[in-house]
Amino acid sequence: MADKAILYDATKCTACRGCQVACKQWNDLHGVKTTNRGTYENPPDLSWDTWIKMEFREVGNNGDLRWLFTRRSCMHCTEAACVEVCPTKALYHHELGFVAYDKEKCSGCGYCVEACPFDVPRSGSGAITGIRTMNKCTLCQDRVTNDLTPACVKTCPTGALQYGDREALLLEGKARVASLGGNATLYGEEELGGLHVLYVLDDSPDVYGLPLDPKVPATSTVWQDVLQPIGWGVAGLAALGLGFNYVIAKRKIKIESEGK
Amino acid sequence: MTTAKGKAKSTPISHTFFGAPPAPGDEVLERYSRPVRILHWVNAITWIVLFITGLFFFVPQFGGAASGGVSGLLHRIAAVIMVGWVVIYFLGSPKAALRGIGEAFKWGIDDIKWLQAAPSYYFFGDEKSMPPQEHMNTGQKLWWLTVLGAGGLMIVTGALMWFFKDIISADAFLWSAFFHDVGFIALLSFAFLHVYLSAFHPKMRGIFWSMWRGTVSARYAESHHKKWYDKVKKGS
Numbered sequence: 027m028a029d030k031a032i033l034y035d036a037t038k039c040t041a042c043r044g045c046q047v048a049c050k051q052w053n054d055l056h057g058v059k060t061t062n063r064g065t066y067e068n069p070p071d072l073s074w075d076t077w078i079k080m081e082f083r084e085v086g087n088n089g090d091l092r093w094l095f096t097r098r099s100c101m102h103c104t105e106a107a108c109v110e111v112c113p114t115k116a117l118y119h120h121e122l123g124f125v126a127y128d129k130e131k132c133s134g135c136g137y138c139v140e141a142c143p144f145d146v147p148r149s150g151s152g153a154i155t156g157i158r159t160m161n162k163c164t165l166c167q168d169r170v171t172n173d174l175t176p177a178c179v180k181t182c183p184t185g186a187l188q189y190g191d192r193e194a195l196l197l198e199g200k201a202r203v204a205s206l207g208g209n210a211t212l213y214g215e216e217e218l219g220g221l222h223v224l225y226v227l228d229d230s231p232d233v234y235g236l237p238l239d240p241k242v243p244a245t246s247t248v249w250q251d252v253l254q255p256i257g258w259g260v261a262g263l264a265a266l267g268l269g270f271n272y273v274i275a276k277r278k279i280k281i282e283s284e285g286k
Numbered sequence: 009m010t011t012a013k014g015k016a017k018s019t020p021i022s023h024t025f026f027g028a029p030p031a032p033g034d035e036v037l038e039r040y041s042r043p044v045r046i047l048h049w050v051n052a053i054t055w056i057v058l059f060i061t062g063l064f065f066f067v068p069q070f071g072g073a074a075s076g077g078v079s080g081l082l083h084r085i086a087a088v089i090m091v092g093w094v095v096i097y098f099l100g101s102p103k104a105a106l107r108g109i110g111e112a113f114k115w116g117i118d119d120i121k122w123l124q125a126a127p128s129y130y131f132f133g134d135e136k137s138m139p140p141q142e143h144m145n146t147g148q149k150l151w152w153l154t155v156l157g158a159g160g161l162m163i164v165t166g167a168l169m170w171f172f173k174d175i176i177s178a179d180a181f182l183w184s185a186f187f188h189d190v191g192f193i194a195l196l197s198f199a200f201l202h203v204y205l206s207a208f209h210p211k212m213r214g215i216f217w218s219m220w221r222g223t224v225s226a227r228y229a230e231s232h233h234k235k236w237y238d239k240v241k242k243g244s
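Protein sequence lines correspond, in order, to chains A and B. This note's numbering puts the first residue of the first sequence at 27, with every later residue one more than the last. This note's numbering puts the first residue of the second sequence at 9, with every later residue one more than the last.
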């Protein structure tokens with residue numbers, strides 16, 4: 027099946043945060059009580075109960091102040107570090123391309139929380155038991171697999187969010203970037219094998235707080251590609267060596283006791 | 009074969025499995041105190057729980073067994089019991105504990121000779137070139153060093169991932185997981201060796217019972233731990 031994606035056009039976003047509300051409403055996530063920190067940006071961070079959040083940035087440019095908005099949520103990477111490190115395979119790639127997860131399978135180890143290059147997954151409570159199940163954007167799996175658009179896209183009043191075939195959205199994003207001109211960029215086409223959330227930005231991604239070259243942490247690949255085979259090798263050699271020793275020593279000891 | 013089978017019927021199955029302990033009339037020496045034996049078996053049981061629940065995380069094919077976090081919880085409970093019991097033992101008999109740890113670090117020329125002679129002994133039963141050994145032989149010292157080193161590594165990396173997860177950086181967490189795996193591999197392979205040599209090696213049959221009853225036969229002590237045997241004999 028063709029990959030689906032969300033296209034976020036920062037130049038059309040008014041930061042109304044309707045997407046945040048729609049996400050909480052559809053996914054039945056609790057509101058979080060926060061305090062006024064002197065910004066419209068709220069709540070302060072993603073959390074177990076907050077899967078999408080608009081970021082506000084004031085960027086000064088030769089006395090010309092720009093107020094930039096960014097959408098912060100799961101990027102649904104093709105080369106997803108979280109999927110790579112998940113021991114229980116609770117996190118997986120859905121056939122539509124996004125990164126889905128099975129809550130029942132999550133053990134709460136928190137590896138994904140640490141491995142994500144975008145710092146998106148969040149652990150729940152339970153620091154003592156260690157069962158801190160993860161939560162993050164599901165790309166409204168229950169909606170998109172029933173021919174509905176994700177809640178955030180559905181509610182977006184300005185058309186800053188679109189949902190559709192990734193290929194089509196890539197073309198649309200490129201056209202939009204071309205018409206914007208200047209420093210405008212399309213983010214997410216190649217990053218980590220291709221993200222399933224694409225960004226039309228009016229400036230370089232780092233101005234919007236996005237990593238220019240996001241990477242899967244080396245440790246998460248070393249674990250499965252290097253340590254696993256070494257583990258099997260060492261354990262196998264140990265077992266083999268001991269078996270070998272047993273066969274030889276057993277014969278020798280028998281002869282000895284017969285000689286007695 | 010038929011005689012061996014007939015013999016097995018009259019002996020307890022545990023003797024068949026682990027080898028026979030010293031016979032009732034044999035002279036025995038006290039080798040492991042009761043606190044040490046309890047410590048050993050608390051360690052062994054929690055180790056097995058830690059090993060199995062850890063394996064669920066380490067091997068992707070077994071990952072499904074960790075679903076829901078129950079195995080992770082068991083892992084933590086076992087870890088607390090294991091470490092807690094070490095602390096209890098240490099507080100109960102600090103002198104013996106320090107002496108025991110010290111044994112692993114006392115190395116001499118006989119340890120080198122032991123390493124040279126060990127292969128032909130453990131494969132062919134060649135006892136002639138085996139040097140006299142202390143209470144702990146060189147192989148046991150190596151195992152003991154592995155337990156202390158890798159065990160310490162497991163405690164530190166495990167505690168980092170458990171209690172300091174929210175404080176340490178993502179890289180520190182991921183490297184902790186990495187070194188927890190390294191320690192796992194080291195302990196796993198040496199534990200194979202430990203169990204084999206202390207229960208199933210043809211030359212070591214019956215030695216298993218020393219960690220159960222606390223005693224070894226004087227004959228075994230003299231042939232395997234001559235220096236220790238002499239000290240005990242002098243003392244008594």
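Errors might be hidden in some of the hints.
Stated by the list, open to error - The calculated DSS-like cross-link candidates involving lysine-lysine, where the alpha carbons are at most 25 Å apart (straight line), are:
#1 B:136 <-> B:234
#2 B:239 <-> A:278
#3 B:103 <-> B:234
#4 A:129 <-> A:79
#5 B:239 <-> A:131
#6 A:241 <-> B:103
#7 A:129 <-> B:114
#8 A:278 <-> A:79
#9 B:211 <-> B:241
#10 A:131 <-> A:50
#11 B:114 <-> B:235
#12 B:103 <-> B:211
#13 B:173 <-> B:211
#14 A:276 <-> B:136
#15 B:114 <-> B:242
#16 A:278 <-> B:114
#17 B:234 <-> A:278
#18 B:121 <-> B:211
#19 B:211 <-> A:278
#20 A:38 <-> A:129
#21 A:276 <-> B:103
#22 A:59 <-> A:38
#23 B:235 <-> B:149
#24 A:50 <-> A:79
#25 B:239 <-> B:103
#26 B:149 <-> A:79
#27 B:173 <-> B:149
#28 B:173 <-> A:115
What the hints contain is simulated information worked out from the structure, not anything from laboratory work. None of these values were measured; they are calculated from a predicted model.
Consistency of the hints with the structure:
1. B:136 <-> B:234: 13 Å, holds
2. B:239 <-> A:278: 32 Å, violated
3. B:103 <-> B:234: 24 Å, holds
4. A:129 <-> A:79: 22 Å, holds
5. B:239 <-> A:131: 58 Å, violated
6. A:241 <-> B:103: This hinted pair is violated, its Cα atoms lying about 51 Å apart.
7. A:129 <-> B:114: Not satisfied, since the Cα-Cα distance of roughly 52 Å exceeds 25 Å.
8. A:278 <-> A:79: 72 Å, violated
9. B:211 <-> B:241: Given that 25 Å is the threshold and the Cα spacing comes to 24 Å, the pair holds.
10. A:131 <-> A:50: 23 Å, holds
11. B:114 <-> B:235: Distance of about 13 Å is within 25 Å: holds.
12. B:103 <-> B:211: 32 Å, violated
13. B:173 <-> B:211: 47 Å, violated
14. A:276 <-> B:136: Given pair residue 276 of chain A, residue 136 of chain B holds - Cα atoms ~19 Å apart, limit 25 Å.
15. B:114 <-> B:242: 21 Å, holds
16. A:278 <-> B:114: 32 Å, violated
17. B:234 <-> A:278: 24 Å, holds
18. B:121 <-> B:211: 19 Å, holds
19. B:211 <-> A:278: 10 Å, holds
20. A:38 <-> A:129: Violated, at roughly 34 Å.
21. A:276 <-> B:103: Outside the cut-off at roughly 40 Å; violated.
22. A:59 <-> A:38: At roughly 29 Å apart (the allowed maximum being 25 Å), residue 38 of chain A and residue 59 of chain A break the hint.
23. B:235 <-> B:149: 15 Å, holds
24. A:50 <-> A:79: It holds: about 11 Å lies between the C-alpha atoms, which stays within 25 Å.
25. B:239 <-> B:103: 19 Å, holds
26. B:149 <-> A:79: With a Cα-Cα distance of about 57 Å, the restraint between residue 149 of chain B and residue 79 of chain A is violated, given a limit of 25 Å.
27. B:173 <-> B:149: 34 Å, violated
28. B:173 <-> A:115: 21 Å, holds
Of the numbered hints stated above, those contradicted by the structure are hints 2, 5, 6, 7, 8, 12, 13, 16, 20, 21, 22, 26 and 27, listed in ascending order.
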